[in-house]
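Chemist: Spelled out from the first residue to the last, the chains are:
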Amino acid sequence: MPVWELSSTARVVPPARPRKLAKVPFVELADGRLQGVVSSGSDAGRVYVSSLATGTYAFACSTNNNRPCGGARGGFCNHIRALVGEAVLQYGAERVARYLKADTGDTSDTVPDAHMLVALMTATRPEQGDTSAAAPVFSRFLRHLAYLELEPTTAPLPEMQWFPPTRTVA
Amino acid sequence: MRTDLFTDPVDGLDEALSAVDAFDRVLVSGLLRPRPDQAAGLTALATAVAGTPLAALVAEAADKAAAGAAGEDHLVALAAARTALMGSVHDALTERVADITGRRRAERNTPDAAADEPGANVLAAARAWLCDLARAGWQGIDHDLVAGAAPVVSAMLPDPRLRRQATLLDGFAAELAASCPGATLDRVPVRRWADLWTRAMLLTLPGAVRTQALSTATGRLLPLGVDVQEHATAVQAQVHAVFEPADGTEPRLVQAAVSAPKPDTVVGAGLWQLLRPRMSLLAAAGECRTMELDGMPVTEEGDLLWDDAQARTGEPVEPFGTARIILSTATDPVTAPLDRHPARIAVPVLLEGYTVEDEDGGRLSFALAGHRLAVDTDRIPTAGPLTPEAVAASGACLGLLRWDAGEFVLQPLAVETTVRKKAVAVHAGAWAGGTTDKVGVRAEKAATDSVAVLRERAGKLLRA
Numbered sequence: 000m001p002v003w004e005l006s007s008t009a010r011v012v013p014p015a016r017p018r019k020l021a022k023v024p025f026v027e028l029a030d031g032r033l034q035g036v037v038s039s040g041s042d043a044g045r046v047y048v049s050s051l052a053t054g055t056y057a058f059a060c061s062t063n064n065n066r067p068c069g070g071a072r073g074g075f076c077n078h079i080r081a082l083v084g085e086a087v088l089q090y091g092a093e094r095v096a097r098y099l100k101a102d103t104g105d106t107s108d109t110v111p112d113a114h115m116l117v118a119l120m121t122a123t124r125p126e127q128g129d130t131s132a133a134a135p136v137f138s139r140f141l142r143h144l145a146y147l148e149l150e151p152t153t154a155p156l157p158e159m160q161w162f163p164p165t166r167t168v169a
Numbered sequence: 000m001r002t003d004l005f006t007d008p009v010d011g012l013d014e015a016l017s018a019v020d021a022f023d024r025v026l027v028s029g030l031l032r033p034r035p036d037q038a039a040g041l042t043a044l045a046t047a048v049a050g051t052p053l054a055a056l057v058a059e060a061a062d063k064a065a066a067g068a069a070g071e072d073h074l075v076a077l078a079a080a081r082t083a084l085m086g087s088v089h090d091a092l093t094e095r096v097a098d099i100t101g102r103r104r105a106e107r108n109t110p111d112a113a114a115d116e117p118g119a120n121v122l123a124a125a126r127a128w129l130c131d132l133a134r135a136g137w138q139g140i141d142h143d144l145v146a147g148a149a150p151v152v153s154a155m156l157p158d159p160r161l162r163r164q165a166t167l168l169d170g171f172a173a174e175l176a177a178s179c180p181g182a183t184l185d186r187v188p189v190r191r192w193a194d195l196w197t198r199a200m201l202l203t204l205p206g207a208v209r210t211q212a213l214s215t216a217t218g219r220l221l222p223l224g225v226d227v228q229e230h231a232t233a234v235q236a237q238v239h240a241v242f243e244p245a246d247g248t249e250p251r252l253v254q255a256a257v258s259a260p261k262p263d264t265v266v267g268a269g270l271w272q273l274l275r276p277r278m279s280l281l282a283a284a285g286e287c288r289t290m291e292l293d294g295m296p297v298t299e300e301g302d303l304l305w306d307d308a309q310a311r312t313g314e315p316v317e318p319f320g321t322a323r324i325i326l327s328t329a330t331d332p333v334t335a336p337l338d339r340h341p342a343r344i345a346v347p348v349l350l351e352g353y354t355v356e357d358e359d360g361g362r363l364s365f366a367l368a369g370h371r372l373a374v375d376t377d378r379i380p381t382a383g384p385l386t387p388e389a390v391a392a393s394g395a396c397l398g399l400l401r402w403d404a405g406e407f408v409l410q411p412l413a414v415e416t417t418v419r420k421k422a423v424a425v426h427a428g429a430w431a432g433g434t435t436d437k438v439g440v441r442a443e444k445a446a447t448d449s450v451a452v453l454r455e456r457a458g459k460l461l462r463a
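From first to last, the protein sequence lines are chains A and B. Each residue of the first sequence is one higher than the last, beginning at 0 in numbering that gives the first Met the number 0. Each residue of the second sequence is one higher than the last, beginning at 0 in numbering that gives the first Met the number 0.
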């Protein structure tokens, strides 16, 4: 077997790249979607839950109280555009494109970016999806926030030896 | 230091590892409908432990698994066999390390006491999920299967007694999720995922997490360096240090760890910010100062169970000085029986008088008296002043000797190098307690802002 396959500490997932969280506090590639939470520009107590399906790019955007987003009729709203932009910052454009199954073609001379990804997806005239994913995405966001509430401990975790850091970024 | 032993073969190592590899390949395609080559892999594992008390149990488990009829107990038996083999590899390698460093190992006399066993239900749920994984195989994983870990992890995380299991399952599940669907994977981290699966299986069993016999440490602690470990939703910093007991008995190597769960967007300097408030030793190690310990709880494995109330910051001390004067006289700690695995080996060493070689692919190695030691610069945390370039230009290196993928590797913790014609020491953990470095200050500010946004959001939304 190749060395990578024989390594106990092979790096499988590069860590997230640092980014500013004010506009899009949560983004993830999960459940067959690029999904996340986008802060409302006007109301600090309101957030939008936005998502894009892998392969079809079916898009959905609604508030956490399940009111539809006025901008997401017939095409991508600004929340979805912001979501793609921040996902590219966090994971790198290549990983986002691969996850969404967006064919960026031969990337040897053009580096894909968020703008190119959005253009590529809107060109296929994706359909508006239903907002049924909003509730589970929002609860995943709350679960994500709850990690900050957990106390640090000084009892050793021997299993963390399997998780070395890496300087490689996504 | 016997540098010739870095590359000298270790007796029996290849045989033990080939049985492990044979079993690991079985998990790639899973145990739902085993093929003949998988049956052979299972037999190889059973044969390797045929002379041990596990023999009958594992032979039966291998038979059942080869017939596609392995129950939970059978899978536990297979995990136990693999753990035993890796334990033997660990033992052979630590003996080799002792020959290399010339240091003595501490002795371990007191048996562990059974711990209270919390979370029997959630541990059973974890085990059921792991059994489903083994049946599906890495090539059979999909989002639905992997998502089964989330409720288990959520239930475990709030209980600090289940932190080990929760942290392992969370990191493992995140990797699997990022690799779904398994059918389209170009390559599989075969040994790594088998390690994580085996480890997780074992930790679901009653008695796997033992309460170690505790004594107390009173004396002077001299930090050598800081090792950081992280996955998307957890971080641990471990300070390696020499402890000089106040009663004048011989110095010993110890570690002190601090860990925390975290959101995946907290990275870089944000990791130090999460951990810093819980352990004053991070700042002391970052500033190269000793600490005076008074009655600090310590396990037989040399793990200090850190409590700030039992420690006070002392005098400045340069870790390279500690390494040159005291390190060779200190004893190495022993590893708890169930934790014996080559990935656990992390032994402080000081290397000098090497030539740095740049291999193809950008990997560095140190050549010492004709023998080569690979250097894992990828392990150097980004939130610190130490860089691969500094390692490449170094004349002395304080690091952790590790073993992975068939060879010894050195993880640099600090180097001595020349900056503007002046000799300086650069430490990976120098920013652990904070920094005035321009780049560091910017990273700290960005991390503070991220956490502030998340806390503000949590305050508004978790309350609503």
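If you're looking for bench data, these hints aren't it; they were derived computationally from the structure. No experiment lies behind these values; they were computed from the predicted model shown. Any given hint might turn out to be false.
[Said to hold, decoys possible] Result set (DMTMM-like, lysine to aspartate or glutamate): computed pairs, CA atoms no more than 20 Å apart in a straight line:
id, chain 1, residue 1, chain 2, residue 2
1, A, K19, B, E443
2, A, K100, B, D185
3, A, K22, A, E4
4, A, K19, B, D448
5, A, K19, B, E455
[As the list claims (entries may be wrong)] Listing some non-contacts, in silico: residues in chain A with all C-beta distances to chain B over 10 Å:
id, residue
6, S7
7, T8
8, A9
9, R72
All C-beta atoms, glycine included, are put in the ideal place defined by N, C-alpha and C.
Chemist: Hint by hint, note whether the structure agrees.
Modeler: Checked hints:
| no. | hint | in the structure |
| --- | --- | --- |
| 1 | A:K19 to B:E443 | 13 Å, holds |
| 2 | A:K100 to B:D185 | 16 Å, holds |
| 3 | A:K22 to A:E4 | 39 Å, violated |
| 4 | A:K19 to B:D448 | 8 Å, holds |
| 5 | A:K19 to B:E455 | 14 Å, holds |
| 6 | S7 | 4 Å, violated |
| 7 | T8 | 6 Å, violated |
| 8 | A9 | 4 Å, violated |
| 9 | R72 | 26 Å, holds |
Checked against the numbered hints given earlier, this structure breaks hints 3, 6, 7, 8; the rest are met.
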